Amino acid sequence: MLRTRATFCRRALTRSYATPTSPHALVFLEHREGVLDSGSLSALTAAEQLGGEVSALIVGSSEHVQGVVEKAKKLKGVTSILHSTSPQYAHPLPETLSPLFEKLLSSSTYTHVVSATSSSAKSLLPRVSARLDAPTLSDVTSLEHDSASNSTTFTRPIYAGNAISTVKASASVPIKFFTVRGTAFEPAGEGANSAEARAVDPIEVENPQTVHIKTTIATSDRPDLGIASRVVSGGRALKNADTFASTLYPLADVLGAAVGASRAAVDAGYADNSLQVGQTGKVVAPELYMALGISGAIQHLAGMKDSKLIVAINKDPDAPIFQVADVGLVADLFEVVPELVEKLKK
Amino acid sequence: MRPSASRLLNILVPVKRAVDYAVKIRVNPQQTGIDTNVKHSMNPFDEIAVEEAVRLRERLKASVTSIRAITIGPAKSADTLRTALAMGADSAIHIEIPESAPSPEPLAVAKTLRAVIERHNAKAAKEEDKVDLVILGKQSIDDDLGVTGQMLAGLLGWSQATFASKLEVDVEKKEVFVVREIDGGGEELRCRLPLVVTTDLRLNEPRYASLPNIMKAKKKPIEKLTPADLGVDYTPMFETLKVAEPPKRVGGGKVANVDELVAKLREAGI
Numbered sequence: 001m002l003r004t005r006a007t008f009c010r011r012a013l014t015r016s017y018a019t020p021t022s023p024h025a026l027v028f029l030e031h032r033e034g035v036l037d038s039g040s041l042s043a044l045t046a047a048e049q050l051g052g053e054v055s056a057l058i059v060g061s062s063e064h065v066q067g068v069v070e071k072a073k074k075l076k077g078v079t080s081i082l083h084s085t086s087p088q089y090a091h092p093l094p095e096t097l098s099p100l101f102e103k104l105l106s107s108s109t110y111t112h113v114v115s116a117t118s119s120s121a122k123s124l125l126p127r128v129s130a131r132l133d134a135p136t137l138s139d140v141t142s143l144e145h146d147s148a149s150n151s152t153t154f155t156r157p158i159y160a161g162n163a164i165s166t167v168k169a170s171a172s173v174p175i176k177f178f179t180v181r182g183t184a185f186e187p188a189g190e191g192a193n194s195a196e197a198r199a200v201d202p203i204e205v206e207n208p209q210t211v212h213i214k215t216t217i218a219t220s221d222r223p224d225l226g227i228a229s230r231v232v233s234g235g236r237a238l239k240n241a242d243t244f245a246s247t248l249y250p251l252a253d254v255l256g257a258a259v260g261a262s263r264a265a266v267d268a269g270y271a272d273n274s275l276q277v278g279q280t281g282k283v284v285a286p287e288l289y290m291a292l293g294i295s296g297a298i299q300h301l302a303g304m305k306d307s308k309l310i311v312a313i314n315k316d317p318d319a320p321i322f323q324v325a326d327v328g329l330v331a332d333l334f335e336v337v338p339e340l341v342e343k344l345k346k
Numbered sequence: 001m002r003p004s005a006s007r008l009l010n011i012l013v014p015v016k017r018a019v020d021y022a023v024k025i026r027v028n029p030q031q032t033g034i035d036t037n038v039k040h041s042m043n044p045f046d047e048i049a050v051e052e053a054v055r056l057r058e059r060l061k062a063s064v065t066s067i068r069a070i071t072i073g074p075a076k077s078a079d080t081l082r083t084a085l086a087m088g089a090d091s092a093i094h095i096e097i098p099e100s101a102p103s104p105e106p107l108a109v110a111k112t113l114r115a116v117i118e119r120h121n122a123k124a125a126k127e128e129d130k131v132d133l134v135i136l137g138k139q140s141i142d143d144d145l146g147v148t149g150q151m152l153a154g155l156l157g158w159s160q161a162t163f164a165s166k167l168e169v170d171v172e173k174k175e176v177f178v179v180r181e182i183d184g185g186g187e188e189l190r191c192r193l194p195l196v197v198t199t200d201l202r203l204n205e206p207r208y209a210s211l212p213n214i215m216k217a218k219k220k221p222i223e224k225l226t227p228a229d230l231g232v233d234y235t236p237m238f239e240t241l242k243v244a245e246p247p248k249r250v251g252g253g254k255v256a257n258v259d260e261l262v263a264k265l266r267e268a269g270i
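Top line first, the protein sequences correspond to chains A and B.
With the working numbering as the guide, the letters of the first sequence map in order to residues 1 to 346.
With the working numbering as the guide, the letters of the second sequence map in order to residues 1 to 270.
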């Protein structure tokens, strides 16, 4: 029975923690087509803050893994690298990746499992942790580990970031799984490092219950919304998809900014869901965030209120966005934005 | 005409009573939590889950044999179940916990749901009566953890499809075509039943229950259970040390025209 096996796993893991141990974090280093995800680099920084060893896990198809491993060897904070290659790992499906994670974690002395708060890691980590009878904490914004007591204290936002919760996981949680908020940890850069890499046999799933059909990524020459230092974001006032593009893109171009959208704009079809900024979309903290025709609902603020400079343009003087904006202009954005583009070009 | 034996769907929809999305929450003076003496309603993502189950029945008709809602919470949570019943669920299960008890952690919730499903499926007279589809919200807007669905799928060893924006169930083939919202765009999957789905914003727009349906809901059955009945331990694994307000963002700066705006941007190094 599942219950019995989970209890067995928990006891087996607890036995190895009878004495205080130095932390050993397993970091899920994600990549897309051979390019390392910035969120994973933030996860690496968080793992380093725990103190102790940091093993990076890289999985994928034979086409990309070796290239990613070479890049990972130079990353600051990585003490060792594990990699596993399989056609089944070409797309990060939780059902096919979980067995590998479970095997690695059951047979070694990892104290923490860390990842970005990416859609793939968020889908995978809790599945793995539950099977090992452990919790997963999401969207961590800071952490502190105490080796003597083998306990880790985390902060994370709750209620759409309107409160910050500080929680402690003691030694009774033998492996602490958590995902980190990318904007809260500097992405790890290159170090004078050269970590050792070790291949791990994949665990192929026979007749997988879930099959990947297609991935559609909204491609753009613009900077990626998640990591851009400038963001120009549009709301429902932008009328339709064409107007959204024709109004915002010139401004984004002149500023070298990424484009974002409010939930209302995405729901109405003006922009792709990948551009949504908010409590349940992307959380960004750029140098400059421009909110155009966005009213400033609590759920939207949750995704951008840590931005350095917030500029808002809205026809409604009572729009809540003005309460958080450093610079607010009450005006018709269709008149003002073209003028702004012209003047910025000078 | 009754659909053939092995091609029926039994849907379980876990729902949560949470602080209403429009409430301006306040941290209590002791910094132990937030003031919960405010309006509560069904977690918006769970409303989407209930709606999707009801739409599946509208599409697949008699193939959807049952839609059961389930919640874990104090007595007041029964209101949330009545809402689900008014939207179209057939029956509900209330796992009741004391008013003073802390909200159970996601792993405990997942274990509870697993216990309910296993209990039900063990008693099922036929294969076709087993619960084979669980639809729940991708996250609850109070703790914003977003892990329960994945944990349940892991405990059960079922397929999982998180952040679903479209579902197409082929009951004959026991397969579900799912479109998911992921970072950067979308993903299409085919999942074999049994399956756990977590809902994203654009899966559907939930209906408002009509008054006749609200009245009918009062007569629909709600089974009451306790965590002890299911053998699940709700002892928290995390200790909450503090709940605090985030650093305050002071805004309100205004400019009168584009020239002043440009000046401010230049000042900031843009």
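Certain hints may be false.
Stated by the list, open to error - Partial pick of chain B residues on the chain A-facing surface, computed with a CB cut under 7 Å:
#1 Ala62
#2 Asp144
#3 Gly146
#4 Val147
#5 Glu181
#6 Leu189
#7 Arg192
#8 Leu211
#9 Met215
#10 Leu241
#11 Arg249
#12 Val255
#13 Val262
To be verified - Some chain B residues well away from chain A (every beta-carbon gap over 10 Å; in silico):
#14 Pro98
#15 Glu99
#16 Asn121
#17 Lys123
#18 Gln139
#19 Thr162
What the hints assert, rightly or not - Residues of chain A placed beyond 10 Å of chain B at every Cβ, according to the derived structure:
#20 His31
#21 Ser61
#22 Ser62
#23 Glu70
#24 Gly77
#25 Ser80
#26 Ser142
#27 Tyr159
#28 Ala169
#29 Gly189
#30 Ser194
#31 Arg198
#32 Ser246
#33 Asp272
In short, the hints are calculated from the structure, not lab data.
Just so it is clear, the structure is predicted and the values come from calculations on it, not from any experiment.
Where is the CB? At the ideal position from N, CA and C, for every residue including glycine.
The hints, checked one at a time:
Residue-level restraint check for alanine 62(B) is violated (minimum Cβ-Cβ distance to chain A is 26 Å; threshold 7 Å). Taking 7 Å as the C-beta cut-off, the interface hint given for aspartate 144(B) holds, the closest approach to chain A being about 6 Å. Against a cut-off of 7 Å between C-beta atoms, the interface hint on glycine 146(B) holds, since the closest Cβ of chain A lies about 6 Å away. Interface restraint check: valine 147(B) against chain A, minimum CB-CB distance 4 Å, threshold 7 Å, status holds.
Taken as an interface hint, glutamate 181(B) checks out: its beta carbon lies about 5 Å from the nearest beta carbon of chain A, inside 7 Å. Restraint check, leucine 189(B) versus chain A: the minimum CB separation of about 6 Å is within 7 Å; hint holds. The interface hint given for arginine 192(B) holds, since its Cβ lies 4 Å from the closest Cβ of chain A, which is under the 7 Å cut-off. Using the Cβ-Cβ criterion of 7 Å, the hint placing leucine 211(B) at the interface with chain A is not satisfied: the shortest such distance is roughly 27 Å.
Against a cut-off of 7 Å between C-beta atoms, the interface hint on methionine 215(B) is violated, since the closest Cβ of chain A lies about 31 Å away. Given hint, leucine 241(B) at the interface with chain A, holds; its Cβ is 5 Å from that chain's nearest Cβ, closer than 7 Å. Interface restraint check: arginine 249(B) against chain A, minimum CB-CB distance 5 Å, threshold 7 Å, status holds. Taken as an interface hint, valine 255(B) checks out: its beta carbon lies about 5 Å from the nearest beta carbon of chain A, inside 7 Å.
Taken as an interface hint, valine 262(B) checks out: its beta carbon lies about 5 Å from the nearest beta carbon of chain A, inside 7 Å. Every CB of chain A is more than 10 Å from the CB of proline 98(B) (nearest about 22 Å), matching its label as outside the interface. Every CB of chain A lies more than 10 Å from the CB of glutamate 99(B), the least distance being 20 Å, so the non-interface label holds. No Cβ of chain A approaches the Cβ of asparagine 121(B) within 10 Å, the least distance being about 13 Å, so the stated non-interface status holds.
Consistency note on lysine 123(B): stated as away from chain A, and its beta-carbon is indeed over 10 Å from all of that chain's, at 16 Å minimum. With a cut of 10 Å on Cβ distances, glutamine 139(B) falls inside the contact zone with chain A, its closest approach being about 7 Å. The Cβ of threonine 162(B) sits about 5 Å from the closest Cβ of chain A, inside the 10 Å cut-off, so the non-interface label is violated. Non-interface status of histidine 31(A) relative to chain B is upheld: no Cβ of that chain comes within 10 Å, the nearest being about 13 Å off.
The non-interface label for serine 61(A) is consistent with chain B: the shortest C-beta to C-beta separation is roughly 16 Å, beyond 10 Å. Chain B leaves serine 62(A) outside its interface by the beta-carbon criterion, the shortest separation being 22 Å against a cut-off of 10 Å. At the 10 Å boundary, the C-beta of glutamate 70(A) stays outside the reach of chain B, the nearest C-beta of that chain being 24 Å off. Under the 10 Å C-beta cut-off, the non-interface status given to glycine 77(A) relative to chain B holds; the minimum distance is some 23 Å.
Taking the minimum C-beta to C-beta distance to chain B, about 26 Å, the non-interface status of serine 80(A) holds against the 10 Å cut. Interface exclusion of serine 142(A) from chain B stands, the closest Cβ pair being 12 Å apart, more than 10 Å. Distance check for tyrosine 159(A) against chain B: the nearest CB is about 5 Å away, which does not clear 10 Å, and the non-interface claim fails. Distance to chain B contradicts alanine 169(A) as a non-interface residue, since its nearest Cβ pair spans about 6 Å, not more than 10 Å.
With 10 Å as the threshold on Cβ separation, the claim that glycine 189(A) sits away from chain B holds: the shortest Cβ distance comes to roughly 22 Å. Every CB of chain B is more than 10 Å from the CB of serine 194(A) (nearest about 30 Å), matching its label as outside the interface. Residue placement check: arginine 198(A) keeps its beta carbon more than 10 Å from all beta carbons of chain B (closest about 26 Å). With a least beta-carbon separation of about 18 Å from chain B, serine 246(A) lies farther than 10 Å from that chain, consistent with its non-interface assignment.
Once the 10 Å rule is applied to beta carbons, aspartate 272(A) is inconsistent with being away from chain B; the minimum gap is 7 Å.
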